[in-house]
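**Student:** Below are the chains, spelled out letter by letter.
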Amino acid sequence: DAGVIQSPRHEVTEMGQEVTLRCKPISGHNSLFWYRQTMMRGLELLIYFNNNVPIDDSGMPEDRFSAKMPNASFSTLKIQPSEPRDSAVYFCASSSLLEYGYTFGSGTRLTVV
Amino acid sequence: DQQVKQNSPSLSVQEGRISILNCDYTNSMFDYFLWYKKYPAEGPTFLISISSIKDKNEDGRFTVFLNKSAKHLSLHIVPSQPGDSAVYFCAASASPSGTYKYIFGTGTRLKVLA
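The listed protein sequences correspond, in order, to chains S and Y.
Those letters in the first sequence? Residues 31 to 143, by this note's numbering.
Those letters in the second sequence? Residues 39 to 152, by this note's numbering.
Bound conformation, chain S alone:
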């Protein structure tokens, strides 16, 4: 298995633009998590899905952030409009009922200028 696949690896965008981050979880995993890593807050949970259904989105910082999981093999995290304070590394992770912890992707480094 190729693991959790995130794209793009790096994204540089201008303030006000829409940004879409993508994630392909491990086949057979039914839970998907979006985290954001910053120096101040460490790994911060934004939202997670079980069986493609959002379970907890209390970590989504603002209405500018939205996430979807249209099927078991794909999820997106969208920021519209983006702001410089959104600059961070965004990680996607997947897991299953029998897993202990998650498998993380390599992350997307987002820079908003």
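Since the hints were derived computationally from the structure, they do not count as laboratory data.
Cβ coordinates follow ideal geometry from the N, Cα and C atoms, glycine included.
Just to be clear, a hint being listed does not mean it is correct.
[To be verified] Residues from chain Y that keep clear of chain S, each with C-beta distances beyond 12 Å, as calculated:
1. V42
2. N60
3. L72
4. A79
5. G81
6. R99
7. F103
8. P120
[To be verified] Keeping only pairs whose Cα atoms sit at most 25 Å apart, straight-line, the calculated BS3-like set for lysine-lysine is:
9. Y:K149 - Y:K75
10. S:K54 - Y:K139
11. Y:K139 - Y:K43
12. S:K98 - Y:K75
13. Y:K139 - S:K108
14. Y:K149 - Y:K106
15. Y:K43 - S:K54
16. Y:K149 - Y:K43
17. Y:K43 - Y:K94
18. S:K108 - S:K54
19. Y:K92 - Y:K149
20. Y:K109 - Y:K75
Put chain Y on the given structure of chain S with help from the hints.
**Tutor:** Below, chain Y alone, put in the same frame as chain S:
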């Protein structure tokens, strides 16, 4: 409100000596704890876990200790090696299942000096 805290942002240790990384939590519902290791430009990878029914779990050079009354856990690495240089995150959850959310700390950057 940070439910999982790693109060030391960084730690430097000589090769061969012991590294001790600390983690505190505030939510008494947390019963399962993980440590993750993260190298630059990579995602975090699972290192070791402990359940609240235990106070110690050992895996090779890595040992995690849990003091539930103090809401404190620590990761010991003995002996430390240069390849252990990374950021270490502790994480806590109220459930062992991978379908439940884990709350992560802010991380401790470990540097092992050769």
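**Student:** State for each hint whether it applies.
**Tutor:** Results for each hint:
At roughly 8 Å, the least C-beta separation between V42 (chain Y) and chain S is not larger than 12 Å, which violates its mark as non-interface. Residue placement check: N60 (chain Y) keeps its beta carbon more than 12 Å from all beta carbons of chain S (closest about 14 Å). In this structure L72 (chain Y) is not separated from chain S by more than 12 Å, as the shortest Cβ-Cβ distance comes to only about 5 Å. Taking the minimum C-beta to C-beta distance to chain S, about 7 Å, the non-interface status of A79 (chain Y) is violated against the 12 Å cut.
Against the 12 Å criterion, G81 (chain Y) falls within the reach of chain S, whose nearest CB is about 3 Å from its own CB. The Cβ of R99 (chain Y) lies farther than 12 Å from every Cβ of chain S, with a closest approach of about 19 Å, so its non-interface assignment holds. No Cβ of chain S comes within 12 Å of the Cβ of F103 (chain Y); the nearest lies about 18 Å off, and the non-interface call holds. Even its closest Cβ contact with chain S, about 23 Å, leaves P120 (chain Y) beyond 12 Å, as expected for a residue assigned away from the interface.
For the hint linking K149 (chain Y) to K75 (chain Y), the alpha-carbon distance of about 13 Å falls within 25 Å, and the restraint holds. A hinted pair counts as satisfied when its Cα atoms are at most 25 Å apart, and K54 (chain S) with K139 (chain Y) qualifies at roughly 19 Å. Between K139 (chain Y) and K43 (chain Y) the CA atoms are separated by roughly 16 Å; this keeps the pair inside 25 Å, and the hint holds. The suggested pairing of K98 (chain S) with K75 (chain Y) is violated, with an alpha-carbon distance near 28 Å, which exceeds 25 Å.
Restraint check for K139 (chain Y) and K108 (chain S): the C-alpha separation of about 21 Å stays at or below 25 Å, so the hint holds. Restraint check: the Cα-Cα separation between K149 (chain Y) and K106 (chain Y) comes to about 28 Å, which exceeds 25 Å; the hinted pair is violated. Simply put, K43 (chain Y) and K54 (chain S) have alpha-carbon atoms about 30 Å apart, too far for the 25 Å limit, and the pair is violated. Annotation: proposed proximity of K149 (chain Y) to K43 (chain Y) holds, straight-line Cα distance about 20 Å (limit 25 Å).
For the hint linking K43 (chain Y) to K94 (chain Y), the alpha-carbon distance of about 20 Å falls within 25 Å, and the restraint holds. With a C-alpha separation of about 15 Å, the suggested pair K108 (chain S) and K54 (chain S) falls inside the 25 Å cut-off, and the hint holds. Only pairs whose Cα atoms come within 25 Å are accepted, and K92 (chain Y) paired with K149 (chain Y) is rejected, the gap being roughly 29 Å. Under the criterion of a C-alpha separation no larger than 25 Å, the hint pairing K109 (chain Y) with K75 (chain Y) is consistent with the structure, at around 21 Å.
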